[in-house]
Amino acid sequence: MSGAPPSYSFVALPPRAKDGLVVFGKNSARPRDEVQEVVYFPAVDHDAESKVECTYISIDQVPRTHAIVISRPAWLWGAEMGANEHGVCIANEAINAREPAAETEALLGMDLVRLGLERGTTAKEALDIIVSLLDEHGQGGNYYEDAHSCHSFQSAYLLVDRDEAWVLETVGKYWAAERITEGVRCICNHLSLATKLDEEHPELRTYAQSQGWWTGDDEFNFAQVFSPADDRLDCCAGQDSLEKQEESITVQTMINILRDKASGVCIDSESFLTTASIVSVLPQNRSSPCIHYFTGTPDPSRSIFKPFIFVDDVKLVPKAQSPCFGDDDPAKKEPRFQEKPDRRHELYKAHEWARAVIESDEEQGRTLRKTMLELEKQGLEAMDEILSSPEPPDPAEVGDLFYDCVDTEMKFFK
Amino acid sequence: MDEEYDVIVLGTGLTECILSGIMSVNGKKVLHMDRNPYYGGESSSITPLEELYKRFQILEGPPESMGRGRDWNVDLIPKFLMANGQLVKMLLYTEVTRYLDFKVVEGSFVYKGGKIYKVPSTETEALASNLMGMFEKRRFRKFLVFVANFDENDPKTFEGVDPQNTSMRDVYRKFDLGQDVIDFTGHALALYRTDDYLDQPCLETINRIKLYSESLARYGKSPYLYPLYGLGELPQGFARLSAIYGGTYMLNKPVDDIIMENGKVVGVKSEGEVARCKQLICDPSYIPDRVQKAGQVIRIICILSHPIKNTNDANSCQIIIPQNQVNRKSDIYVCMISYAHNVAAQGKYIAIASTTVETAEPEKEVEPALELLEPIDQKFVAISDLYEPIDDGSESQVFCSCSYDATTHFETTCNDIKDIYKRMAGSAFDFENMKRKQNDVFGEADQ
Numbered sequence: 001m002s003g004a005p006p007s008y009s010f011v012a013l014p015p016r017a018k019d020g021l022v023v024f025g026k027n028s029a030r031p032r033d034e035v036q037e038v039v040y041f042p043a044v045d046h047d048a049e050s051k052v053e054c055t056y057i058s059i060d061q062v063p064r065t066h067a068i069v070i071s072r073p074a075w076l077w078g079a080e081m082g083a084n085e086h087g088v089c090i091a092n093e094a095i096n097a098r099e100p101a102a103e104t105e106a107l108l109g110m111d112l113v114r115l116g117l118e119r120g121t122t123a124k125e126a127l128d129i130i131v132s133l134l135d136e137h138g139q140g141g142n143y144y145e146d147a148h149s150c151h152s153f154q155s156a157y158l159l160v161d162r163d164e165a166w167v168l169e170t171v172g173k174y175w176a177a178e179r180i181t182e183g184v185r186c187i188c189n190h191l192s193l194a195t196k197l198d199e200e201h202p203e204l205r206t207y208a209q210s211q212g213w214w215t216g217d218d219e220f221n222f223a224q225v226f227s228p229a230d231d232r233l234d235c236c237a238g239q240d241s242l243e244k245q246e247e248s249i250t251v252q253t254m255i256n257i258l259r260d261k262a263s264g265v266c267i268d269s270e271s272f273l274t275t276a277s278i279v280s281v282l283p284q285n286r287s288s289p290c291i292h293y294f295t296g297t298p299d300p301s302r303s304i305f306k307p308f309i310f311v312d313d314v315k316l317v318p319k320a321q322s323p324c325f326g327d328d329d330p331a332k333k334e335p336r337f338q339e340k341p342d343r344r345h346e347l348y349k350a351h352e353w354a355r356a357v358i359e360s361d362e363e364q365g366r367t368l369r370k371t372m373l374e375l376e377k378q379g380l381e382a383m384d385e386i387l388s389s390p391e392p393p394d395p396a397e398v399g400d401l402f403y404d405c406v407d408t409e410m411k412f413f414k
Numbered sequence: 001m002d003e004e005y006d007v008i009v010l011g012t013g014l015t016e017c018i019l020s021g022i023m024s025v026n027g028k029k030v031l032h033m034d035r036n037p038y039y040g041g042e043s044s045s046i047t048p049l050e051e052l053y054k055r056f057q058i059l060e061g062p063p064e065s066m067g068r069g070r071d072w073n074v075d076l077i078p079k080f081l082m083a084n085g086q087l088v089k090m091l092l093y094t095e096v097t098r099y100l101d102f103k104v105v106e107g108s109f110v111y112k113g114g115k116i117y118k119v120p121s122t123e124t125e126a127l128a129s130n131l132m133g134m135f136e137k138r139r140f141r142k143f144l145v146f147v148a149n150f151d152e153n154d155p156k157t158f159e160g161v162d163p164q165n166t167s168m169r170d171v172y173r174k175f176d177l178g179q180d181v182i183d184f185t186g187h188a189l190a191l192y193r194t195d196d197y198l199d200q201p202c203l204e205t206i207n208r209i210k211l212y213s214e215s216l217a218r219y220g221k222s223p224y225l226y227p228l229y230g231l232g233e234l235p236q237g238f239a240r241l242s243a244i245y246g247g248t249y250m251l252n253k254p255v256d257d258i259i260m261e262n263g264k265v266v267g268v269k270s271e272g273e274v275a276r277c278k279q280l281i282c283d284p285s286y287i288p289d290r291v292q293k294a295g296q297v298i299r300i301i302c303i304l305s306h307p308i309k310n311t312n313d314a315n316s317c318q319i320i321i322p323q324n325q326v327n328r329k330s331d332i333y334v335c336m337i338s339y340a341h342n343v344a345a346q347g348k349y350i351a352i353a354s355t356t357v358e359t360a361e362p363e364k365e366v367e368p369a370l371e372l373l374e375p376i377d378q379k380f381v382a383i384s385d386l387y388e389p390i391d392d393g394s395e396s397q398v399f400c401s402c403s404y405d406a407t408t409h410f411e412t413t414c415n416d417i418k419d420i421y422k423r424m425a426g427s428a429f430d431f432e433n434m435k436r437k438q439n440d441v442f443g444e445a446d447q
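Those sequence lines, one after another, are chains A and B.
Per the UniProt record's numbering, the very first residue in the first sequence carries number 1; after that it's consecutive.
Per the UniProt record's numbering, the very first residue in the second sequence carries number 1; after that it's consecutive.
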């Protein structure tokens, strides 16, 4: 069993988060050479009886899917994290549990993130959709684009909307969930649910008893029952980072946490890299828009967060999307992953130049870094104005917002 | 003297020297006189430095820290050349640049909220600048694309704007530009000194913004050029042009009287002799009874031992203080040049603050500019009257130039030249009029 990738997902709710804004963030840790893309899908009506091709399996499509914007490894169908037009954000975490994850191809955790976003109008509704699909189709399959080994994991999810957050942790088809209405919460690559369970699979406890993991006599503690024997249950660098913030949590706070390598929240190791990040701000006041910031490039400490706002005519951003190989994609053929095509998008390639400069040329690197942070700051300031404004933003003005920011960023990368 | 000329020119300011050159190239017999022993008049560069102190009656003269007096060439009128502007066109057509060297001014800055911001000179500089917020920048970019594409002869480029009727205020409104962006556009790009242009038809403003962009594109960095050894080189260059086409120059020649007969000029008397002419060109100082005062300009020449703060140690720059940043009607300008242009001793900088006078306390009016320049080693304060001619010369055939205004470029000067030319020659000025002819006396014709 290989170690689960050390991703971190965060939520802060008012009043712990500032100004009536729910703040959500995730660092996605994945294999170093993997490219993540940022993709927008508009809302679509679907034919009755139609199917949707997820990463490995095909399932029934619903009549209508919501507009979504997601960050995902370019080879798979689902998402590591993302948001929908209704202000729902979802992130997943790969987890090792006592019970090995199925290698049989089914739905990946990433597929369920996307399906939850496409179908749920609230965090709770998305949770119900995910557990229903889990029950119907199960979870399983390779999490990595690797022909030689199957890396499979159980999945946990952080689901957030303007009002509340839910932590959902799943083992096979069994699951437990906790509702969060205040304070801060982080989930990482360990089970974290303990005795406070607001929802659970109806057979969760009987299953645990039947496996001999729970006697039925003591209080049911989900993480204790389902974690591998050698897991250190109380360890979460992200939760520590979040809790020790003395000021109210803002978007900038969240960004700073995601950039922090000393705490281990930002990963740059031999096997894993934080390959993409997201921060979302969800105003409890519904007349303000939700704003979602994506990097689209590896390592948030060397990337900038760029804003996205849902409106009816969002401009597509080809430069942050990887090339599409259609049915010829080695990820779609069996046996899987016999080749590894170049999945780098234009922004990724431009950013490679910037990363090389930052690493090799101290003076030029520092100047470039400073310029990019200044650009990011201007974006954050503009978004703060939108959130402070009594009127919603002009859709014509924000439809090409993410497109423009990607385009601008690339102009600074030779 | 005691000869007959087509045109007599009095005063060797830039305007007069350019007109002298044009007239000579076009076959007129020209006599050019100046009461001073040097070229330039109001637009001269003062050298050595001791002369500047004397001129401003600072009796102790320059301290030793100023270095060799001969290293200094201090302009009395602070201006830069716009790289795609009319004066550069005149220089190129006349090939006067053959005798001159220019440097690109390193930057232009605009004052906002007590600080100065670089006027961006590249796209990435504009994107990185915090002179505007993100959404303002995006609207502004759309506006600039509109201006760049605008062609007054192609209605398809108009986007619903009427160049002769739509006011500039309405164009700004169409692009939803905020007040800060409007100030920046009108004062740092279109280089208007006041806000009167807002209610005028937009064509002139669009053309001015185009001029700025085209000048900027010429050399990068900034849209301005400056001649080594100072602006005084310019009138001399044009005077040389006039001379090689047969123009006669007399410096250090007092003008005792301008002789009129039946309301028409017939000659000039100097030291007892009379030179006769059909037409006369002069600057306002030669005909005080035929000009009227049109305001005042204050210019404060400051010598510094440091670049101006927040200009990235620029050796040369312009700073524009838009008038409503300091509750005035007219902008305040700062032009800074330095030893790098062979106009000052090593390590020294010359910054000149100027504006149109609006109150009885003009020095107080330029204080926001002087604060940007501190510490100042030495200040020279000049308050000049602005004159314009009373008559257009149609009867008198006396054509008087206007005084130099407070702008930091020569476009108004060139407009004055074109206007005088039209009144003298009876036809619109064409830059082709300045092209060298085959018959120049030194055989320097282009083949």
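In case anyone wonders, no lab produced these hints; they're calculated from the structure.
We put the CB at the ideal spot given by N, CA and C, even for glycine.
Watch out, some of these pointers could steer you wrong.
Below 30 Å or equal to it, Euclidean Cα-Cα: the simulated DSS-like pairs (lysine-lysine) are [claimed, not checked]:
| # | chain 1 | residue 1 | chain 2 | residue 2 |
| --- | --- | --- | --- | --- |
| 1 | A | K370 | B | K115 |
| 2 | B | K329 | B | K293 |
| 3 | B | K293 | A | K377 |
| 4 | A | K315 | B | K142 |
| 5 | B | K221 | A | K411 |
| 6 | B | K174 | A | K377 |
| 7 | B | K115 | A | K411 |
Derived, one-sided and incomplete: chain B residues facing chain A with beta-carbon distance under 10 Å [unchecked claim]:
| # | residue |
| --- | --- |
| 8 | E95 |
| 9 | Y99 |
| 10 | D101 |
| 11 | R139 |
| 12 | R173 |
| 13 | K174 |
Each hint tested on the structure:
1. A/K370 with B/K115: Holds. A/K370 to B/K115 sits at ~20 Å (cutoff 30 Å).
2. B/K329 with B/K293: holds (19 Å)
3. B/K293 with A/K377: violated (51 Å)
4. A/K315 with B/K142: holds (17 Å)
5. B/K221 with A/K411: Holds, at about 18 Å.
6. B/K174 with A/K377: holds (28 Å)
7. B/K115 with A/K411: Answer holds: B/K115 to A/K411 is near 27 Å, not above 30 Å.
8. E95: violated (39 Å)
9. Y99: violated (40 Å)
10. D101: violated (32 Å)
11. R139: At 8 Å from the nearest chain A Cβ, B/R139 passes the 10 Å test, so the hint holds.
12. R173: Constraint on B/R173 not satisfied, violated at 15 Å.
13. K174: With Cβ-Cβ at 14 Å, over 10 Å, it is violated.
Against the hints set out earlier in the document, violations occur for numbers 3, 8, 9, 10, 12 and 13.
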